[in-house]
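Please build the complex by placing chain A on the supplied structure of chain Z, with the hints as guidance.
2 protein chains.
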Amino acid sequence: MYDDPIAAAFGDLAADLFTTDPDLVAGFAHDESRLTERALPAGVLSPRSTHDVADMARRAHAHGVPLVARGAGSGLSGAANAPAGSVVLRTHRLAAILEVDAAERLAVVQPGVVTADLRAVAREAGLFYPPDPGSVAISTVGGNVATDAGGMCCVKYGVTGDYVLGLEVVLADGTVVRTGRRTAKGVAGYDLTSLFVGSEGTLGIITEITVRLLPAPAAAAQTLVATFPDLASAGRVVAAIAASGTAVSMLEIMDRVTLRAVDARTGMGFDPDTAAMVLAQADDQAAATTVAALALLCADGGATDVATSEDPDEAELLLEARRQALPALEALGDWLLDDVCVPRTRIVDLLEGVEAIAAAASLTIGVFGHAGDGNMHPTVIYDQSDPASRAAASRAFDAITRLALDLGGTITGEHGVGRLKTSWLAHELDPAALALQRRIKDALDPTGILNPGAVLAAD
Amino acid sequence: MYDDPIAAAFGDLAADLFTTDPDLVAGFAHDESRLTERALPAGVLSPRSTHDVADMARRAHAHGVPLVARGAGSGLSGAANAPAGSVVLRTHRLAAILEVDAAERLAVVQPGVVTADLRAVAREAGLFYPPDPGSVAISTVGGNVATDAGGMCCVKYGVTGDYVLGLEVVLADGTVVRTGRRTAKGVAGYDLTSLFVGSEGTLGIITEITVRLLPAPAAAAQTLVATFPDLASAGRVVAAIAASGTAVSMLEIMDRVTLRAVDARTGMGFDPDTAAMVLAQADDQAAATTVAALALLCADGGATDVATSEDPDEAELLLEARRQALPALEALGDWLLDDVCVPRTRIVDLLEGVEAIAAAASLTIGVFGHAGDGNMHPTVIYDQSDPASRAAASRAFDAITRLALDLGGTITGEHGVGRLKTSWLAHELDPAALALQRRIKDALDPTGILNPGAVLAAD
Numbered sequence: 036m037y038d039d040p041i042a043a044a045f046g047d048l049a050a051d052l053f054t055t056d057p058d059l060v061a062g063f064a065h066d067e068s069r070l071t072e073r074a075l076p077a078g079v080l081s082p083r084s085t086h087d088v089a090d091m092a093r094r095a096h097a098h099g100v101p102l103v104a105r106g107a108g109s110g111l112s113g114a115a116n117a118p119a120g121s122v123v124l125r126t127h128r129l130a131a132i133l134e135v136d137a138a139e140r141l142a143v144v145q146p147g148v149v150t151a152d153l154r155a156v157a158r159e160a161g162l163f164y165p166p167d168p169g170s171v172a173i174s175t176v177g178g179n180v181a182t183d184a185g186g187m188c189c190v191k192y193g194v195t196g197d198y199v200l201g202l203e204v205v206l207a208d209g210t211v212v213r214t215g216r217r218t219a220k221g222v223a224g225y226d227l228t229s230l231f232v233g234s235e236g237t238l239g240i241i242t243e244i245t246v247r248l249l250p251a252p253a254a255a256a257q258t259l260v261a262t263f264p265d266l267a268s269a270g271r272v273v274a275a276i277a278a279s280g281t282a283v284s285m286l287e288i289m290d291r292v293t294l295r296a297v298d299a300r301t302g303m304g305f306d307p308d309t310a311a312m313v314l315a316q317a318d319d320q321a322a323a324t325t326v327a328a329l330a331l332l333c334a335d336g337g338a339t340d341v342a343t344s345e346d347p348d349e350a351e352l353l354l355e356a357r358r359q360a361l362p363a364l365e366a367l368g369d370w371l372l373d374d375v376c377v378p379r380t381r382i383v384d385l386l387e388g389v390e391a392i393a394a395a396a397s398l399t400i401g402v403f404g405h406a407g408d409g410n411m412h413p414t415v416i417y418d419q420s421d422p423a424s425r426a427a428a429s430r431a432f433d434a435i436t437r438l439a440l441d442l443g444g445t446i447t448g449e450h451g452v453g454r455l456k457t458s459w460l461a462h463e464l465d466p467a468a469l470a471l472q473r474r475i476k477d478a479l480d481p482t483g484i485l486n487p488g489a490v491l492a493a494d
Numbered sequence: 036m037y038d039d040p041i042a043a044a045f046g047d048l049a050a051d052l053f054t055t056d057p058d059l060v061a062g063f064a065h066d067e068s069r070l071t072e073r074a075l076p077a078g079v080l081s082p083r084s085t086h087d088v089a090d091m092a093r094r095a096h097a098h099g100v101p102l103v104a105r106g107a108g109s110g111l112s113g114a115a116n117a118p119a120g121s122v123v124l125r126t127h128r129l130a131a132i133l134e135v136d137a138a139e140r141l142a143v144v145q146p147g148v149v150t151a152d153l154r155a156v157a158r159e160a161g162l163f164y165p166p167d168p169g170s171v172a173i174s175t176v177g178g179n180v181a182t183d184a185g186g187m188c189c190v191k192y193g194v195t196g197d198y199v200l201g202l203e204v205v206l207a208d209g210t211v212v213r214t215g216r217r218t219a220k221g222v223a224g225y226d227l228t229s230l231f232v233g234s235e236g237t238l239g240i241i242t243e244i245t246v247r248l249l250p251a252p253a254a255a256a257q258t259l260v261a262t263f264p265d266l267a268s269a270g271r272v273v274a275a276i277a278a279s280g281t282a283v284s285m286l287e288i289m290d291r292v293t294l295r296a297v298d299a300r301t302g303m304g305f306d307p308d309t310a311a312m313v314l315a316q317a318d319d320q321a322a323a324t325t326v327a328a329l330a331l332l333c334a335d336g337g338a339t340d341v342a343t344s345e346d347p348d349e350a351e352l353l354l355e356a357r358r359q360a361l362p363a364l365e366a367l368g369d370w371l372l373d374d375v376c377v378p379r380t381r382i383v384d385l386l387e388g389v390e391a392i393a394a395a396a397s398l399t400i401g402v403f404g405h406a407g408d409g410n411m412h413p414t415v416i417y418d419q420s421d422p423a424s425r426a427a428a429s430r431a432f433d434a435i436t437r438l439a440l441d442l443g444g445t446i447t448g449e450h451g452v453g454r455l456k457t458s459w460l461a462h463e464l465d466p467a468a469l470a471l472q473r474r475i476k477d478a479l480d481p482t483g484i485l486n487p488g489a490v491l492a493a494d
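Line by line, the protein sequences give chains Z and A.
Using our numbering, the first residue of the first sequence is number 36, and each one after it goes up by one.
Using our numbering, the first residue of the second sequence is number 36, and each one after it goes up by one.
Chain Z on its own, in the form it takes in the complex (with noise of 0.2 Å):
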């Protein structure tokens, strides 16, 4: 009837639900990763509901067609660019907050809701999402739950599976499961719930996902900004906040590069002699004097200027220079983002490496990141169109990578192993390991249809 398995599984879908116009399918290719394979997919499904995504895999499923689940397409791994002959399926239409129930403290949502259109229904009922990944703004919480997204708030909140309780799945068969649970606690059966959070779309499809809420901060956030003569300075007094248990909301670092770049993007005026730039938040009872304590403890660190608000206004403003950071870099020229983490006592170690790397290569690297919990995300500036720029980028994306696992680090803290890192993957985890990981995947998508060669290398 057809010729090609892709028309096979989805011809006779109405256009509204699958398009192989190649001006819309380019718009769906990849994310937002740099040097990860790239290819133009076969087609685009945008399913309205669960019983769509249970129909489309099934098809995928029944003519051998792989899947690449795409939310919000803001990923930094390459976990949504979709192979050769594969289907994007995206959630832009499963995008509905079903329940907010405030005495249980808890959200159910499709995958495809903005996260901080959560956060803000969560805000009305005087409860609070936490999970605030750097794309807040634009990216799901189904694609935050596929890759167990993290940002500024895992310092004392945690990240996105944190506040998981349960998920819809479809699996790549069809089959649709419930996982987890609506009460506080429960035990019943396997941990299914976490073994989907952070699979990339590689065990299944997210459908549905209930989160936990917390009540509303009690206070406003206290803010301290410190900023340092030079980074080692700096990382050394971040090193001592988080190795020191200090009850901060965040403990967010930004280096020369990173602060020079926002100033260039926002001329918000910074001091061009400043090395690196620390920023820390408390939000509970205690919060002045936790903010007071380490405006002494900067200053004795060195810092040449500390700043406290109360003021949330300012707050956000310093905020923005630090969500600015990576929009900033990326006006600088080609960029290549890492995201490592490493022991907290690290850091500083971290930092003195990258400025090595740097220097040997004669690049620029901006670093940035959450300095509380050691996951800092050096970023390579270069020009794509120099072979030999882009060649030495590479070089030093991969030694800082390496360099992280030296330290007794990791080398994906919140971006996920997508398809930027598959190779990486076997220098973290040992071959037992790896294998376990395969036998897992191979149990859920026994065909392999599922975002194939996203987390584990395709075979």
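To be clear, the hints were calculated from the coordinates, so they are not data collected in a lab.
Treat the hints with care, as some may be off.
Unchecked claim - Now the stretches of chain Z that chain A is said to cover, found in silico as 3 or more residues with beta-carbon under 8 Å:
hint, stretch
1, 178-185
2, 202-214
3, 226-232
4, 368-381
5, 442-456
6, 475-487
Being a predicted model, the structure only gives us computed values, none of them experimental.
We put the CB at the ideal spot given by N, CA and C, even for glycine.
Okay, now just chain A, sitting in the frame of chain Z:
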């Protein structure tokens, strides 16, 4: 060479590693659960190292001998009950605290370490390992991880699994794998750590655990005790506290039956007219304010007496009353302990439902539990020597579990499925979810030698 697989697998091991002495074996045949199937295992293994465990698993695998890993045997769901023909693998010689890293706030321990010992060692380092199951003084970290044990701290601090950063696990065929990380964050591959947590020895045998530790709480806990003349008032107050998200670090309830039993055991002198006691603690900087607010809430909610204390010794005494709840109920007769968790707003419905079930069956049922999580332990008292009483107790237990499900709850909040609730799992999970659980088990333990019959019913 050997007639039976047990001798073939383990017959050449030294006597300190393997015994079939019936007197010794009998002591490790089952855990503390009631009405679960029991048998005499064929032998007991006592490995000294991960290497030993791997060797023993390889032997068991080669000869098809079921292996049941066992910590302290304090479980309440039969997860450590050894089927006939199986061999018990004890972890008591794997009891080293390998590392406490104060700067990184983590510890690495072997599974046989007693939980209270880990808490003490953490405390000496100025840190805090929160998990505090009722069995904390005798149960092991390995057993706690294998069951994802809860406790009184969960309302604020979460369950055991929330503190597990990484594991070393021996798989069914003797392969040793490492999961997880030592960093604050990390998303390198599927979350297999969470998969092994709570898997009750059915997916692998845990041989090393990396746990994260918290800074020691800033202040001594403030404690509140309130007594109520009727159960419903107490239930409404705890539901209100729980639903409000008040920052309590403990929120417990005991009913009249439990209080009288504790009084009989300890002579603490509770007022016999008290229908329920609520215990709460707060341990943050605003603890005094929180506890004062709770005291008002209790008084407004109909409490007979409300007492607050900032004295740690008094607090310990009150906590001791709560810790004696199960031992005290045990002294009333034979007992069957349930472990259900309902949405916080349905606690009153559960309490009233259990009262009705007790009245209809003419049974004594004591209720105590972690009210802040909705995780309650209705405990049916009966006479094991009387078949009618035994049947009535079993029916009441089933009715309570059914009630919890009907209230939107789960069949097990923290004790696990074990062998006690394998048939109930099919009531909580739909067939597709149950089949997926089975698929995971089959992928990790294809020959089914790891604790067969726990979590999932034997085929």
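Do the hints match the structure? See the list:
| no. | hint | in the structure |
| --- | --- | --- |
| 1 | 178-185 | holds (count 3) |
| 2 | 202-214 | holds (count 6) |
| 3 | 226-232 | holds (count 5) |
| 4 | 368-381 | holds (count 5) |
| 5 | 442-456 | holds (count 11) |
| 6 | 475-487 | holds (count 5) |
Of the hints listed earlier, there is not a single one the structure fails to meet.
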